[in-house]
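There are 2 protein chains.
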Amino acid sequence: MSQIAYVETTGGVTAPRGFTAAGAVAAIKYERKDVALAYSDREASAAGVFTTNIVKAAPVLLTMEHIKDGIARAVVVNSGNANACVGPRGLDDARAMANEAAKLLGLPAEQVLVASTGVIGQPMPMDRVLSGVQRAVAELSSEGGHDAATAIMTTDTVAKEAAVTVELGGVKATIGGMAKGSGMIHPNMATMLCFITTDVAIDSRLLHQALNVAVENTFNMVTVDGDTSTNDMVLVLANGASGNRKISDEDLDYVTFATALEAVCLKLTMAVAADGEGATRLLEVRVQGAATQHDARLVARAVASSNLVKAAVFGKDANWGRIICAAGYSGASFNPDTVDIYVGDIQVAKNGGGLPFSEERATEMLSGNQAVFTIDLHNGDSCAIAWGCDLTYDYVSINGSYRT
Amino acid sequence: MSQIAYVETTGGVTAPRGFTAAGAVAAIKYERKDVALAYSDREASAAGVFTTNIVKAAPVLLTMEHIKDGIARAVVVNSGNANACVGPRGLDDARAMANEAAKLLGLPAEQVLVASTGVIGQPMPMDRVLSGVQRAVAELSSEGGHDAATAIMTTDTVAKEAAVTVELGGVKATIGGMAKGSGMIHPNMATMLCFITTDVAIDSRLLHQALNVAVENTFNMVTVDGDTSTNDMVLVLANGASGNRKISDEDLDYVTFATALEAVCLKLTMAVAADGEGATRLLEVRVQGAATQHDARLVARAVASSNLVKAAVFGKDANWGRIICAAGYSGASFNPDTVDIYVGDIQVAKNGGGLPFSEERATEMLSGNQAVFTIDLHNGDSCAIAWGCDLTYDYVSINGSYRT
Numbered sequence: 001m002s003q004i005a006y007v008e009t010t011g012g013v014t015a016p017r018g019f020t021a022a023g024a025v026a027a028i029k030y031e032r033k034d035v036a037l038a039y040s041d042r043e044a045s046a047a048g049v050f051t052t053n054i055v056k057a058a059p060v061l062l063t064m065e066h067i068k069d070g071i072a073r074a075v076v077v078n079s080g081n082a083n084a085c086v087g088p089r090g091l092d093d094a095r096a097m098a099n100e101a102a103k104l105l106g107l108p109a110e111q112v113l114v115a116s117t118g119v120i121g122q123p124m125p126m127d128r129v130l131s132g133v134q135r136a137v138a139e140l141s142s143e144g145g146h147d148a149a150t151a152i153m154t155t156d157t158v159a160k161e162a163a164v165t166v167e168l169g170g171v172k173a174t175i176g177g178m179a180k181g182s183g184m185i186h187p188n189m190a191t192m193l194c195f196i197t198t199d200v201a202i203d204s205r206l207l208h209q210a211l212n213v214a215v216e217n218t219f220n221m222v223t224v225d226g227d228t229s230t231n232d233m234v235l236v237l238a239n240g241a242s243g244n245r246k247i248s249d250e251d252l253d254y255v256t257f258a259t260a261l262e263a264v265c266l267k268l269t270m271a272v273a274a275d276g277e278g279a280t281r282l283l284e285v286r287v288q289g290a291a292t293q294h295d296a297r298l299v300a301r302a303v304a305s306s307n308l309v310k311a312a313v314f315g316k317d318a319n320w321g322r323i324i325c326a327a328g329y330s331g332a333s334f335n336p337d338t339v340d341i342y343v344g345d346i347q348v349a350k351n352g353g354g355l356p357f358s359e360e361r362a363t364e365m366l367s368g369n370q371a372v373f374t375i376d377l378h379n380g381d382s383c384a385i386a387w388g389c390d391l392t393y394d395y396v397s398i399n400g401s402y403r404t
Numbered sequence: 001m002s003q004i005a006y007v008e009t010t011g012g013v014t015a016p017r018g019f020t021a022a023g024a025v026a027a028i029k030y031e032r033k034d035v036a037l038a039y040s041d042r043e044a045s046a047a048g049v050f051t052t053n054i055v056k057a058a059p060v061l062l063t064m065e066h067i068k069d070g071i072a073r074a075v076v077v078n079s080g081n082a083n084a085c086v087g088p089r090g091l092d093d094a095r096a097m098a099n100e101a102a103k104l105l106g107l108p109a110e111q112v113l114v115a116s117t118g119v120i121g122q123p124m125p126m127d128r129v130l131s132g133v134q135r136a137v138a139e140l141s142s143e144g145g146h147d148a149a150t151a152i153m154t155t156d157t158v159a160k161e162a163a164v165t166v167e168l169g170g171v172k173a174t175i176g177g178m179a180k181g182s183g184m185i186h187p188n189m190a191t192m193l194c195f196i197t198t199d200v201a202i203d204s205r206l207l208h209q210a211l212n213v214a215v216e217n218t219f220n221m222v223t224v225d226g227d228t229s230t231n232d233m234v235l236v237l238a239n240g241a242s243g244n245r246k247i248s249d250e251d252l253d254y255v256t257f258a259t260a261l262e263a264v265c266l267k268l269t270m271a272v273a274a275d276g277e278g279a280t281r282l283l284e285v286r287v288q289g290a291a292t293q294h295d296a297r298l299v300a301r302a303v304a305s306s307n308l309v310k311a312a313v314f315g316k317d318a319n320w321g322r323i324i325c326a327a328g329y330s331g332a333s334f335n336p337d338t339v340d341i342y343v344g345d346i347q348v349a350k351n352g353g354g355l356p357f358s359e360e361r362a363t364e365m366l367s368g369n370q371a372v373f374t375i376d377l378h379n380g381d382s383c384a385i386a387w388g389c390d391l392t393y394d395y396v397s398i399n400g401s402y403r404t
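So the protein sequences, as listed, match chains A and B. Taking this note's numbering, I'd label the letters of the first sequence as residues 1 to 404. Taking this note's numbering, I'd label the letters of the second sequence as residues 1 to 404.
Hint data in this document are derived by calculation from the structure and do not stem from the laboratory. Just so we're clear, the structure is a prediction, and the values are computed from it rather than from any experiment. Please note that the accuracy of each hint is not assured.
[Said to hold, decoys possible] Pairs of lysine-lysine residues, derived as BS3-like cross-links and limited to a Cα-Cα distance of at most 30 Å, are as follows:
hint, chain 1, residue 1, chain 2, residue 2
1, A, Lys350, B, Lys29
2, A, Lys172, A, Lys267
3, B, Lys267, B, Lys246
4, A, Lys29, B, Lys350
Using the sequences provided together with the hints, build the complete structure.
Okay, structure coming up:
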């Protein structure tokens with residue numbers, strides 16, 4: 001995959017041609033930008049991946065309905081309120097957001113996708129939300145990507161954007177994205193809100209396939225606290241404005257596009273993990289030598305999810321016993337007596353037992369803003385990488401008083 | 001079950017007749033009591049439940065072997081070192097512990113069960129361990145239960161003991177137990193070290209059956225941090241010294257015994273949850289109205305395990321959205337629109353949506369040393385209870401620097 005060229009660029013969701021965006025102040029919870037809008041000047045293929053939580057927020061249900069035909073033109077998002085667990089009015093409110101944006105943009109309501117993030121169980125202040133939607137429509141701009149990325153933040157400390165360009169049959173095409181996510185993040189669903197735009201022309205079935213693969217390798221491999229939200233989704237809109245020959249087969253163009261899409265997802269994934277609530281460093285867990293990819297993913301995610309591992313990373317403690325312990329309860333099958341473990345580039349365990357190593361150097365490996373563990377199971381050829389962060393005092397502080 | 005009478009008593013593992021115990025200083029990690037021994041003056045039926053982690057510590061493997069015949073007379077335990085992930089010498093060291101105790105007690109080595117708890121991946125200081133075993137044999141006493149319970153502690157802040165008496169066919173019989181467990185505790189295995197003694201005469205097959213049921217309802221429903229240890233086990237020795245007619249059928253005596261055994265396990269379970277690393281309060285999650293017991297357990301454990309719920313309990317925040325969210329990703333099937341939630345005796349959600357409630361009273365409900373959540377799924381007749389604790393600054397502090 002690494003031979004396929006894509007070039008990083010800037011601009012987030014407004015990097016691709018034909019897209020405008022905005023982030024408007026609605027003051028839903030705080031006085032800040034909290035309604036985001038992304039808009040395509042023409043019809044776009046659309047695909048989405050949604051939370052596996054059976055308690056789904058109203059906007060998730062509405063968007064799943066609106067995206068069924070594989071076509072959309074706008075995404076409207078609010079932060080500050082999840083519009084989840086509020087009874088039947090939840091769906092009415094989500095619909096009202098879509099309708100308001102559709103009316104002002106001159107679109108059928110079904111072409112507007114809706115997402116919400118924030119506190120669960122409190123009714124949306126719809127007067128403020130709708131005036132936020134109005135303001136966002138008025139503020140749409142081809143430079144609005146960053147404002148939109150800012151407006152979807154909750155406990156995030158930084159706006160998360162990514163964009164890359166690729167060549168498809170001599171035509172330059174662009175993929176841009178924004179994500180929000182900091183707490184309540186765990187594998188096995190679209191683990192956050194993420195919105196991706198592209199000016200590539202692609203069949204919506206193939207768009208969905210490429211998105212699924214990308215999510216599986218990126219967003220589904222990130223964990224902050226093991227809690228799977230009611231509101232998560234990853235959406236992609238592909239409007240064809242680049243002028244490429246429409247991708248309708250799994251040809252080289254498809255592979256190029258899928259690789260670049262995954263690169264955007266990966267950059268956003270790592271940004272989410274690094275910005276985990278209270279985190280001081282990104283944790284990357286690499287697993288190799290697994291019998292199956294499924295096993296590799298199980299081990300990588302179990303280690304990245306372990307509170308004990310995460311607390312040790314915070315404490316810069318190369319406590320590899322906790323790593324092999326988490327691998328052992330992950331559900332993957334392997335022989336404990338052939339496991340090697342590395343902290344950064346220092347091997348700390350061989351054949352399931354400890355090696356003498358310099359604690360000082362190991363602490364050094366854990367002192368930067370990124371900690372890397374490598375686990376070699378010596379049980380096959382499959383590998384996987386999971387991302388997480390350390391568990392800190394600030395995580396407890398943030399989540400001990402989120403509502404109030 | 002509540003009609004069956006058992007009476008709480010004191011004395012821990014030395015409460016039943018025919019058992020002596022000791023806690024000796026071996027200074028394995030710190031200068032403290034860290035080798036425990038429990039001994040039956042006659043042959044006892046024995047049963048055990050062991051960690052499901054595929055990385056099993058050497059003493060777990062040895063004890064699984066020694067208990068196969070359903071007979072044992074002694075349990076020797078050290079804290080301060082887990083004797084896990086140390087290569088082939090681990091099994092040699094576990095065997096040496098059993099052999100030393102067997103030699104001094106005049107038993108076949110197979111009648112000695114071994115357990116260890118502490119840091120993973122460091123070789124045992126066997127000279128100190130073995131002199132600890134020698135000292136423990138010398139100090140055996142019918143009042144030694146508390147010393148033994150003290151010697152198996154690691155990050156525990158209190159020794160955990162329980163004992164009850166029952167009448168079996170006019171004969172008074174006693175069940176006593178001790179447990180250690182504070183971090184690295186999670187459902188679906190014997191989630192800690194727990195040693196139970198009883199002077200009941202019972203067939204080892206039935207003893208195993210009663211233990212399995214008790215563990216399923218108690219130790220397998222407690223979670224501190226979602227990490228499943230390499231060393232956990234629950235052992236029970238039944239020596240028949242009470243003189244009851246040997247239980248060899250599932251008759252009333254069996255039911256009486258099984259109920260009392262579960263009561264001992266429950267008391268130890270709650271003691272472990274309340275003493276979760278850094279915990280300020282016990283969390284009890286009651287689920288009712290589930291379609292199946294499996295569903296009820298899934299929901300109860302997911303809620304009790306959620307970092308977000310646990311942090312909210314620490315912050316005395318009645319954030320019920322996190323409760324329904326955790327229920328939703330638990331894997332249980334239910335209709336989100338029929339869920340009722342109570343914090344203490346205050347209903348905070350009905351039919352999946354929030355109710356107005358006094359935040360002040362809810363905070364009060366979360367201010368004691370025990371927080372109770374009740375979740376009614378209105379989806380059937382099954383129920384379950386899980387226990388946990390809050391997630392605090394001290395958990396992070398303890399686990400950021402455990403090894404050093």
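Status of the hints after comparison with the structure:
As the CA atoms of A/Lys350 and B/Lys29 are separated by approximately 24 Å, the hinted pair is consistent with the 30 Å bound. Straight-line distance between C-alpha atoms of A/Lys172 and A/Lys267 comes to about 20 Å, which keeps the hinted pair within the 30 Å bound. At most 30 Å may separate the alpha-carbon atoms for a hinted pair to count; B/Lys267 and B/Lys246 meet this at roughly 26 Å. Restraint check: the Cα-Cα separation between A/Lys29 and B/Lys350 comes to about 24 Å, which is no more than 30 Å; the hinted pair holds.
Of the hints listed earlier, there is not a single one the structure fails to meet.
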